[in-house]
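A.B. asks: Protein chains in written order, with this note's numbering: chain R, 906 to 1361; chain F, 906 to 1361.
Source of the hints: derived by calculation from the structure; they are not laboratory data. Treat the hints with care, as some may be off.
[Claimed, not checked] The list that follows gives simulated cross-link-like pairs (lysine-lysine, PhoX-like), each with its CA atoms no further than 20 Å apart:
| # | chain 1 | residue 1 | chain 2 | residue 2 |
| --- | --- | --- | --- | --- |
| 1 | R | K959 | R | K929 |
| 2 | F | K1091 | R | K1045 |
| 3 | F | K1199 | R | K943 |
| 4 | R | K943 | F | K1045 |
| 5 | R | K1091 | F | K1045 |
| 6 | F | K943 | F | K959 |
| 7 | R | K1017 | F | K1017 |
| 8 | F | K943 | R | K1259 |
| 9 | F | K1251 | F | K1091 |
| 10 | R | K943 | F | K1202 |
| 11 | F | K1104 | F | K1115 |
| 12 | R | K943 | F | K943 |
[To be verified] Covered stretches of chain F (chain R as the covering partner; in silico rule of three or more C-beta atoms under 8 Å from a C-beta of chain R):
| # | region |
| --- | --- |
| 13 | 928-941 |
| 14 | 1027-1035 |
| 15 | 1068-1075 |
| 16 | 1262-1270 |
Backbone N, C-alpha and C define an ideal beta-carbon position, used for all residues, glycine too.
There are 2 protein chains.
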Amino acid sequence: MWRYLLLSMFLFVNVNTHYLYQTKWFEVPLDHFGLGRKETFKIKYLENEDYWNKNEYGPIFFYTGNEGQIEAFANYTGFMWEIAAEYQAKIVFAEHRYYGESKPFGNKSLEKEYIGYLTSAQALADYADLINYLQKDEIKPRYPVIAFGGSYGGMLAAYIRIKYPHLVAGAIAASAPIHMFPGMTKCDLFNRIVTASFKRNFYCSENIQKSWHLIRSYSSSVNGSEYINSLIEYLESAYVTLAMVNYPFASSFLTPLPAQPVAVVCQYLNQNLANESLLEGIAKAIDVYANYGKKTKQCVDYKEGDNYQNLDAGGWDFQACTEMVMPVCSTGQNDMFEASPWNFTKYSEDCYKKYNVYPRENMARLEYGGDLLQAASNIVFSYGLLDPWTAGGFISSVSDSVDVILIADAAHHLDLMPSSPDDQSPVKDAREKHKQHISKWIDSFRARNKHVVTYL
Amino acid sequence: MWRYLLLSMFLFVNVNTHYLYQTKWFEVPLDHFGLGRKETFKIKYLENEDYWNKNEYGPIFFYTGNEGQIEAFANYTGFMWEIAAEYQAKIVFAEHRYYGESKPFGNKSLEKEYIGYLTSAQALADYADLINYLQKDEIKPRYPVIAFGGSYGGMLAAYIRIKYPHLVAGAIAASAPIHMFPGMTKCDLFNRIVTASFKRNFYCSENIQKSWHLIRSYSSSVNGSEYINSLIEYLESAYVTLAMVNYPFASSFLTPLPAQPVAVVCQYLNQNLANESLLEGIAKAIDVYANYGKKTKQCVDYKEGDNYQNLDAGGWDFQACTEMVMPVCSTGQNDMFEASPWNFTKYSEDCYKKYNVYPRENMARLEYGGDLLQAASNIVFSYGLLDPWTAGGFISSVSDSVDVILIADAAHHLDLMPSSPDDQSPVKDAREKHKQHISKWIDSFRARNKHVVTYL
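Using the sequences provided together with the hints, build the complete structure.
C.D. replies: Now the structure itself:
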């Protein structure tokens, strides 16, 4: 069941417009790596030049969009906006193909016969094309480009530096699970990290752990077992989301939630509960998750699946079924969930039923190398120690110029979020380090471009 | 007209079997970067394990096949065979998709509707897959892999290190014109280098330069102008080939030729000739080119085009029409040819007529970066100073670990050819340097793999 998790890496309700940008469109080929298909289509990008010192070749801050409409990333990646003035940078947020309005075949794009060109390699090639266009098609690019991204977007930021270092001077890759493909990390690590956040609150993880059996027996006696698995999945997904967005401030990033949402939810589970009082505690906890900030409380319709599911991110399920295979499991021992082993055979068959493709489980490893990054340079990987996706990170710096920053008390790419008075020193320090790296990358790009290169 | 040049980068007559290998097959997806097409097919590779110290993780020497049947590259890349014992290396030569017997759609592969998956990116991904298979699908590869290639194969050797550094420890890229895409180098440089080889011989280039007008006027009075352009193209192509394979030993590499073929040809053109004596000199020169080593001399059928054209390399014309656009022109002033400007519009239209595609003239630059190699590592680019393809090289080393070796008195990737008693010190020195680099890359791969890496 844990496959559905992947869908929730990045989905949005309530996009608030904090920042100003122009919406633009850029034409790309459907297939960058073959000539058989001749179609082109347009991807969306958001642009702001208010801070840009164009005449003196100010940098371009380029967000490598991930699985969702790009406006959401623009509005929640406050870090880029907040440092743009200091760097006199142009800001660009590029939308990932097949998401938002960047659909090659319109509303039919996610159908079996049209979805095949939704891959990370094609998306990276879109961004490479767009960056070249922003550089005015110059053989020797003039503006230092810094890539930014969080989560799958962080993977893309790292990957574009790895694959296109001639186009990108450096990359800030936040909460990027680049080491989570089959065979890399233990599949239960993700849920152990989720559990750790709940364990910080007395009895909370214990109560949740006990609740599964209770819910199953209660449900089967009351409603029959028809929807019980959906309910269990809904609850699991809720706890994972709470751990991911366990920010020190209220946010609508994935779904509207209060500051420190795990602690808020756990206040209803902070005693040793059993039977109906345990069910009641779980219900109150979920009520926070489902109804926070709503004027009138609504009954939770868990049968709908992820409550923040929207059409625009539907493509992720296909990506998870093809190249983005990231095994997740639970043991019921080291985590607070029911035991659920990673079953690749079933996973594959489910994918085949839905999309008529089997996963290429080695595709991302072969293409990007996992953590074999000895040849890479100018990348910062940042991971929040509260963030379950840190399961796909790695703990020590690879080389002088591939740095790993671990951020205590930080959930999913907190370092990219808008700053808040509630931010503690770990995330503030991380942002300072990011800036030091960015400055260094820009300086070395500029030093290099001063040289006059002589050709034969 | 210079477009046809590209076809002659690498074509073969007379494949002699000097070396022993097993012929094997490896299954690859038709499309590595999309899921729309589900076909797979097999590429051929040649393997020799006679020298391999498998138990102690001896290296794998991997030739990234270029536009032709792989046996030819195996037989002429003597350098790999000659150093294999010293390195206790396994030898692999991989055939490029759409060439030789590695055709995804059999005999129909080069037809318009099937040829679209013939791109360098797909070929590199084939090789990445194959290397992973040779590493037994291990997440942490155990055998250091060194890529080798000459000409377009040299580009691929460099590119596989650039794009897949987690799979390839280093690359020897011989005579690789990686800096020859539109906007990079001057289009007349290629033919100036051709001319320089003929200039070394008294009157030779001057006589050739004078011959064009004479041939045109003679032909129009005798035969009419019907085939005159074919004849001119044939002669131009012959001179280019002679310059490319101007080796110190007799070779059948492109076509059977004596040692120092430019000097041999020029012996008929080493006086100031005019009129019929000039035509006679040209005829004798071409007779060497066309009939060397043949038991009975044959009349040259220039209407056939390149005399060493064969079916197996037919794909190169498509590659030149899509991503491998390398502008070549002649001025008639700084070179010994008729003036022929680079006309991209005409080039594009010709391509469209043939393949129903327009060139993507920026594709290779965006994908591989031209000479913007500051982030690359562990690559040696070697260029022979007699080789016209050095026009697409660059003269100074990029960084500590991207080295450029210029080889005096050397034609097209002489350093990869089997050694010969006629070899002079420049090419011997180059081979020594290659070995130093290879040793260094292997050592650092091994040092790295001793570390125990701890994951979260």
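A.B. asks: For each hint, tell me whether it holds in the structure or not.
C.D. replies: Results of checking the hints against the structure:
no.: 1; hint: R/K959 / R/K929; in the structure: holds, 19 Å
no.: 2; hint: F/K1091 / R/K1045; in the structure: holds, 16 Å
no.: 3; hint: F/K1199 / R/K943; in the structure: violated, 47 Å
no.: 4; hint: R/K943 / F/K1045; in the structure: violated, 38 Å
no.: 5; hint: R/K1091 / F/K1045; in the structure: holds, 16 Å
no.: 6; hint: F/K943 / F/K959; in the structure: violated, 35 Å
no.: 7; hint: R/K1017 / F/K1017; in the structure: violated, 25 Å
no.: 8; hint: F/K943 / R/K1259; in the structure: holds, 15 Å
no.: 9; hint: F/K1251 / F/K1091; in the structure: holds, 19 Å
no.: 10; hint: R/K943 / F/K1202; in the structure: violated, 48 Å
no.: 11; hint: F/K1104 / F/K1115; in the structure: holds, 13 Å
no.: 12; hint: R/K943 / F/K943; in the structure: holds, 19 Å
no.: 13; hint: 928-941; in the structure: holds (count 7)
no.: 14; hint: 1027-1035; in the structure: holds (count 4)
no.: 15; hint: 1068-1075; in the structure: holds (count 5)
no.: 16; hint: 1262-1270; in the structure: holds (count 5)
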